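*Asks:* What follows is each chain in one-letter form.
There are 2 protein chains.
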Amino acid sequence: MSNYYTEELHGPHETFELGNYALENGQTFPDAKLTYKTHGTLNAAKDNVILFPHMWSGTPMAMEAFIGEGRPLDPSKYFIILPGQLANGFSSSPNNTPSPLNGGSFPQLSYGDDVRAQHQLLTEKFGIRELQLVLGWSMGAGQTYEWAVRYRDMVKRAMPIAGTAKTTDHNSLFVRSIEMALKSDPAWDGGYYAKSEDVHVGIRRMAQLWSVMGLCQAFYSAEVWRDVGFSSLDDFMVRFWEAYFLQMDPNCLLWQAMKWRNGDVSKHAGGDLRAALSLIKAKTLVVSFSDDMFFPPHDCLTEQKMIANSSYREVKSLWAHFTMFCMNDTDREQIDTCISDLLNDKL
Amino acid sequence: MSNYYTEELHGPHETFELGNYALENGQTFPDAKLTYKTHGTLNAAKDNVILFPHMWSGTPMAMEAFIGEGRPLDPSKYFIILPGQLANGFSSSPNNTPSPLNGGSFPQLSYGDDVRAQHQLLTEKFGIRELQLVLGWSMGAGQTYEWAVRYRDMVKRAMPIAGTAKTTDHNSLFVRSIEMALKSDPAWDGGYYAKSEDVHVGIRRMAQLWSVMGLCQAFYSAEVWRDVGFSSLDDFMVRFWEAYFLQMDPNCLLWQAMKWRNGDVSKHAGGDLRAALSLIKAKTLVVSFSDDMFFPPHDCLTEQKMIANSSYREVKSLWAHFTMFCMNDTDREQIDTCISDLLNDKL
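Note that the protein sequences, when read in sequence, are chains A and B. The opening residue of the first sequence carries number 635 in my numbering; numbering runs sequentially from there. The opening residue of the second sequence carries number 635 in my numbering; numbering runs sequentially from there.
Hints should not be assumed to be uniformly reliable.
As the list claims (entries may be wrong) - Below are the DSS-like pairs computed for lysine-lysine, each with C-alpha atoms no more than 30 angstroms apart in a straight line:
#1 K829(B) x K817(A)
#2 K790(A) x K950(A)
#3 K711(A) x K680(A)
#4 K915(B) x K950(B)
#5 K790(A) x K711(A)
#6 K901(B) x K917(B)
#7 K950(B) x K950(A)
#8 K915(A) x K901(A)
#9 K829(A) x K790(A)
#10 K917(B) x K680(B)
#11 K980(A) x K680(A)
#12 K915(B) x K980(B)
#13 K817(B) x K817(A)
#14 K939(A) x K817(B)
#15 K950(A) x K939(B)
#16 K939(B) x K980(B)
#17 K829(A) x K915(B)
#18 K980(B) x K790(B)
Said to hold, decoys possible - Label-pair ranges, simulated between beta-carbon atoms:
#19 N943(B) x A856(A): 25 to 31 angstroms
#20 H932(B) x Q881(A): 31 to 37 angstroms
#21 E967(B) x A828(A): 57 to 63 angstroms
#22 T936(B) x A828(A): 45 to 51 angstroms
Since the hints were made in silico from the structure, they are not lab data. Just so we're clear, the structure is a prediction, and the values are computed from it rather than from any experiment. Beta carbons are placed, not taken as given, at the ideal position from N, Cα and C, and that holds for glycine.
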């Protein structure tokens, strides 16, 4: 389908066999696989574990940029697990699943499906019973909230970054628009295209929508794209936005998007978001990005106020939702400080 | 093409014949027509004139909601001209122009084409040499700026509302996305469709994008749509956004969008926006809407600071760019106060 989802490009992955996996939508997924990476060593007490799921369109490699000796996520101290979300192209996904669940027949997923699979990996494979920290950005934040609510006795600290526990209506309208853009390409063919490259027009249309909402007005007014080597707005549009997404598989993007759109921990409390978030036992640091148009600070703050043992921080950057890309040192330092302060109980 | 652009729905229009009209793109438009409405009576001194161009997708009728006895735009006092912009479906437009300039062959337009045509109407038809006020919302603001710079000796007061003198890069990315959505429908066929209804899928895709950027996150969080009679988010999506645009002609929307995207008064000063805006002689009140995602307050304020004899006001409303629809009394009162204070020199 696509040459993008290879270990050559994304580094080595481990695979955990989920067997016949019962999805929350009621379907059974045969031979389901959860792929992941780890850094560091699990200590004898098994109490040095950090879990760091990734965002929409990403793979575990995307989060490796935050791991390093001397940094808050220090592999000489912590055992850091980077799980690949289902439909990310490596774990069970529309592009690597045999008929009849291939392509457009891939089942609908939920954060609960991801987090239950990750829980199986941690408990069955490693015997882990406690997590020092679960953190994640964007859809990684969605998984973080799902962890903190569902397995609240396991999670000591949680740090959802630029994401929400329940996808807001506005955000769901955006996600639906990117789904529509991908599906608008006749080559998408209900998800049964032969090669992902055939759907490049749909991906380009989707990239255009990301260019509008993924960054912010002030980013473009200040022409911040010049700082990272682009020569014009069109150059940035094509070589940043289109190039980034054109490598990827349209169905993987779609099935992740549907999962994002339906993200909602309130189902753990009969639809009552406040009640669901009040279940969280972890010390929680909710982090927002100042100019994020998907997860504006106000939306993140609203949820933080429903969490008992929680704090809130806002990272300032014109990179908006993409502050997590750490395109400059200031962004990385601000995020590292949040992680460090939470891990060291300095909130 | 569409039954939408009729006097039954939009009230009676006058027509001003522009003859063989020279467009700024170099093309000649044969038998070009500018349609318009008026309210009130031109006085003998011809010094009671207000010009109020309309926004993208609109017709002069849309601005009539601000005209009324006892209101700031009082037809018993002022002669109020509501010009229809070119490509609005009534003035020369892709849907009413004969071959060879019909449909997809309709020429590209600019605010300069609109404003020069309106100037011809005012001077040749009415002998008007002075305007008490030019005001407009969104693309109407674009035309207002074009008037205030180009015919600066005629315009005594200017009130651009929720719009810019130069379309920002971020805004142009959005406009390009709606153009792409319309064109994504195979039925659009390069602009040569037989019936506008055939392109309904493209219009629905475009409506989805408007739902994201036309309002704002806080609007949806507060479910403000309930206040105006919708029962769910999907209900609002279909019966507000889709229903609004499905009546319209896709090419009219497209050609207006291209004009919007290329809006730029800086061409009057060799590309120097500050120099162009410093040419304005009118007393100018720049009005922004607090939660507007197309024309955020900061962008409007940046331009206002470049205008010598100017003030700035921000209208607070969760209706974002659509505050101008005056879906509640507070919005209408705030806008009326801006108009009134500018007309009465109470800034």
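*Asks:* Is the straight-line distance between the alpha-carbon of K980(A) and that of K680(A) 30 angstroms or less?
*Replies:* Status holds; Cα separation ~23 angstroms.
*Asks:* With respect to the beta-carbon atoms only, verify the hint that N943(B) and A856(A) lie 25 to 31 angstroms apart.
*Replies:* 28 angstroms, holds
*Asks:* For the pair supplied as a hint, K939(B) and K980(B), is the alpha-carbon distance within the 30 angstroms limit?
*Replies:* 19 angstroms, holds
*Asks:* In this structure, is the beta-carbon distance linking H932(B) and Q881(A) contained in 31 to 37 angstroms?
*Replies:* Holds, at about 34 angstroms.
*Asks:* Decide if the proposed pair is consistent with the structure: K829(B) and K817(A), CA atoms, cutoff 30 angstroms inclusive.
*Replies:* 24 angstroms, holds
*Asks:* If you draw a straight line from the CA of K939(A) to the CA of K817(B), is it 30 angstroms or shorter?
*Replies:* 44 angstroms, violated
*Asks:* Given the hinted pair K817(B) and K817(A), is their Cα-Cα distance within 30 angstroms?
*Replies:* Distance of about 14 angstroms is within 30 angstroms: holds.
*Asks:* Are the Cα positions of K917(B) and K680(B) separated by 30 angstroms at most?
*Replies:* 19 angstroms, holds
*Asks:* Check whether the Cα positions of K915(B) and K980(B) lie no farther apart than 30 angstroms.
*Replies:* 18 angstroms, holds
*Asks:* Between K950(B) and K950(A), is the straight-line Cα distance small enough, at 30 angstroms or below?
*Replies:* With Cα atoms ~25 angstroms apart, K950(B) and K950(A) stay inside 30 angstroms; holds.
*Asks:* Measure nothing beyond the straight line between the CA atoms of K711(A) and K680(A); if it is 30 angstroms or shorter, mark the hint as holding.
*Replies:* 12 angstroms, holds
*Asks:* Would the pair K915(A) and K901(A) pass a check requiring their Cα atoms to be no farther apart than 30 angstroms?
*Replies:* Given that 30 angstroms is the threshold and the Cα spacing comes to 17 angstroms, the pair holds.
When each numbered hint is compared with the structure, violations occur for hints 9, 14, 17.
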